[in-house]
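Student: Listed here are the chains, written in short residue letters.
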Amino acid sequence: MSVEEIPLDADRKKNRYEFARHAPEYRHQFEAITQEMQARCPVAWSDTYGGHWVAAGASEVFELARSAEYLSNDHDIEGVRRGYKGISVPSQDGDMQIQGGFLEMDPPEQREYRQVLNPYLSPAAVARWVPVVEELVRASLDEKIETGRIDFVDDLANIVPAVLTLAMMGIPLKSWTVYCEPAHAGVYTPPDSPDQERVRQMQVEMGEHLFTQMAEIREHPRPGLVDALVRAKITGKTPPDMELFGVLLLLIGGGFDTTTSLTAHALEWLSEHPDQRERLSRERDTLLDPATEEFLRFYTPAPGDGRTITQDCEIASTRFKEGERIWLSWAMANRDPSLFENPNEIDMARLGNRHYSFGLGLHRCIGSNVARMVFKRMLTAVLDRMPDFQCDPAGAVHYETIGVIQGMQHLPATFTPGPRLGAGLDETIEMLQRLCDEQGLAEPVTVRKAKAQIGH
Amino acid sequence: MKVHVDPERCQGHTLCNMIAPKMFQLDEIDGHSSPLSEEVPADQEDKVAEAVRSCPEQAISLS
Numbered sequence: 001m002s003v004e005e006i007p008l009d010a011d012r013k014k015n016r017y018e019f020a021r022h023a024p025e026y027r028h029q030f031e032a033i034t035q036e037m038q039a040r041c042p043v044a045w046s047d048t049y050g051g052h053w054v055a056a057g058a059s060e061v062f063e064l065a066r067s068a069e070y071l072s073n074d075h076d077i078e079g080v081r082r083g084y085k086g087i088s089v090p091s092q093d094g095d096m097q098i099q100g101g102f103l104e105m106d107p108p109e110q111r112e113y114r115q116v117l118n119p120y121l122s123p124a125a126v127a128r129w130v131p132v133v134e135e136l137v138r139a140s141l142d143e144k145i146e147t148g149r150i151d152f153v154d155d156l157a158n159i160v161p162a163v164l165t166l167a168m169m170g171i172p173l174k175s176w177t178v179y180c181e182p183a184h185a186g187v188y189t190p191p192d193s194p195d196q197e198r199v200r201q202m203q204v205e206m207g208e209h210l211f212t213q214m215a216e217i218r219e220h221p222r223p224g225l226v227d228a229l230v231r232a233k234i235t236g237k238t239p240p241d242m243e244l245f246g247v248l249l250l251l252i253g254g255g256f257d258t259t260t261s262l263t264a265h266a267l268e269w270l271s272e273h274p275d276q277r278e279r280l281s282r283e284r285d286t287l288l289d290p291a292t293e294e295f296l297r298f299y300t301p302a303p304g305d306g307r308t309i310t311q312d313c314e315i316a317s318t319r320f321k322e323g324e325r326i327w328l329s330w331a332m333a334n335r336d337p338s339l340f341e342n343p344n345e346i347d348m349a350r351l352g353n354r355h356y357s358f359g360l361g362l363h364r365c366i367g368s369n370v371a372r373m374v375f376k377r378m379l380t381a382v383l384d385r386m387p388d389f390q391c392d393p394a395g396a397v398h399y400e401t402i403g404v405i406q407g408m409q410h411l412p413a414t415f416t417p418g419p420r421l422g423a424g425l426d427e428t429i430e431m432l433q434r435l436c437d438e439q440g441l442a443e444p445v446t447v448r449k450a451k452a453q454i455g456h
Numbered sequence: 001m002k003v004h005v006d007p008e009r010c011q012g013h014t015l016c017n018m019i020a021p022k023m024f025q026l027d028e029i030d031g032h033s034s035p036l037s038e039e040v041p042a043d044q045e046d047k048v049a050e051a052v053r054s055c056p057e058q059a060i061s062l063s
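From first to last, the protein sequence lines stand for chains E and F.
Every letter in the first sequence is one number past the one before it in the working numbering, and letter 268, counting from 1, is 268.
Every letter in the second sequence is one number past the one before it in the working numbering, and letter 13, counting from 1, is 13.
FYI, nobody ran anything at the bench for these hints, they're computed from the structure.
Where is the CB? At the ideal position from N, CA and C, for every residue including glycine.
Be careful, since some hints might not be right.
Capping the alpha-carbon separation at 30 Å, the derived lysine-lysine pairs in BS3-like fashion look like this [to be verified]:
hint: 1; chain 1: E; residue 1: 174; chain 2: E; residue 2: 376
hint: 2; chain 1: E; residue 1: 451; chain 2: F; residue 2: 22
hint: 3; chain 1: E; residue 1: 376; chain 2: F; residue 2: 47
Reference excerpt, derived from the structure (chain E facing chain F, CB under 10 Å, subset only) [to be verified]:
hint: 4; residue: 80
hint: 5; residue: 81
hint: 6; residue: 82
hint: 7; residue: 83
hint: 8; residue: 114
hint: 9; residue: 290
hint: 10; residue: 352
hint: 11; residue: 353
hint: 12; residue: 362
hint: 13; residue: 414
hint: 14; residue: 415
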């Protein structure tokens, strides 16, 4: 930077905020930080994590997220394009970086991947799986219903998204345990934890399993997301295996932790507000949809994403330079009083809830329809079968840091025991495996339109 | 009242279809929205207005 440029740079970055999203204190200071930034500097430069911009205001995030021509998601692993570092802030370091699927790509590749996968994840595609999800939920609750004790994370919210994701991928359902723990532990385990080695080992096993599945499905086609990917042509070429692997990790990483987090947080809040819980249960025909959107807004499981500025530009009254990094905070935008009245309160009937929780623009979460459906099935089953559940605040374990996913690790609860309704989890998973195979449920919606048929 | 969904802006958040299912249909493949009719019946006006306010991309407009 030249001598003349230095004062200009200081002027550009005059709005500053020390933004340490990964620090344990952040979770407790989030509302205060949000209010301060939105009042003082809705876009601010922070020297943390290698230096980056942070967008905290709703209108600023809106403008930036929709300026895809100036903000790149690209993660240039091999340094053959412009060396951009993807969506993690701080960016990944070290030799073994993995591109996070199409979330860390720009068009045209990004768009083509989404076109390959859309027929498996659209609202119409997702609706076919409802009976399967209801069975998984029933069986998970059946395992605990007679005891009067459950951990909503370990015994329900961790299980259902994991098994469903494997079903949609065309991977044998009984291997869900190979994927479940590493998918969560990989996110909640701090880098300096003594647990890192154990987690790394599980991730290696998961990776090996996934690679084996890719090879098998390529040789002997089985319908599902993996099949679509191994057969895909992106910009006319067959993608390398590591790239497909990155896409699958994105689908797992995107789908497991986030849905678990939403469900656990909502159940925790409903336990703390039994009158609201009763109201939701009673008025679910009108309230379930808006309540779901409100829990999404308030808890924003995936709190934000990074971008790289692709050319000098001015957006949201801020001058950016090519190569600079910016964090788009969906979580803070979701608490902006200019868009959401009383933003720090949960209003299950909130109107005009144009929240940012699935992102905005081209990279809108491709799993959003899955997330909503699975959440609603888990929530309604809990309301029906254990309506008086009481979460134990001493046993609830929130992720220590919420920099990546605002998650929960454990949420134990007690309730008045009830009757089992059917087979246990393992038996149900076996039955569902047969069903998936016989009915070709994992085919794209263009091939198979009908809902799953559970014959009892 | 006429309603229009900007196909360039719509990203398939599906809130409009949740709020006003009789007015907005979702594409089978990508879940993007289009109005079932350009003209909004009187009994759907409130729901459509709510859908306009609720679209995260602000892709719906009225005229």
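Student: When the structure is checked against the list of hints, which entries are broken? Sort them ascending.
Tutor: Hints 4, 5, 6, 7, 13 and 14 not satisfied by this model.
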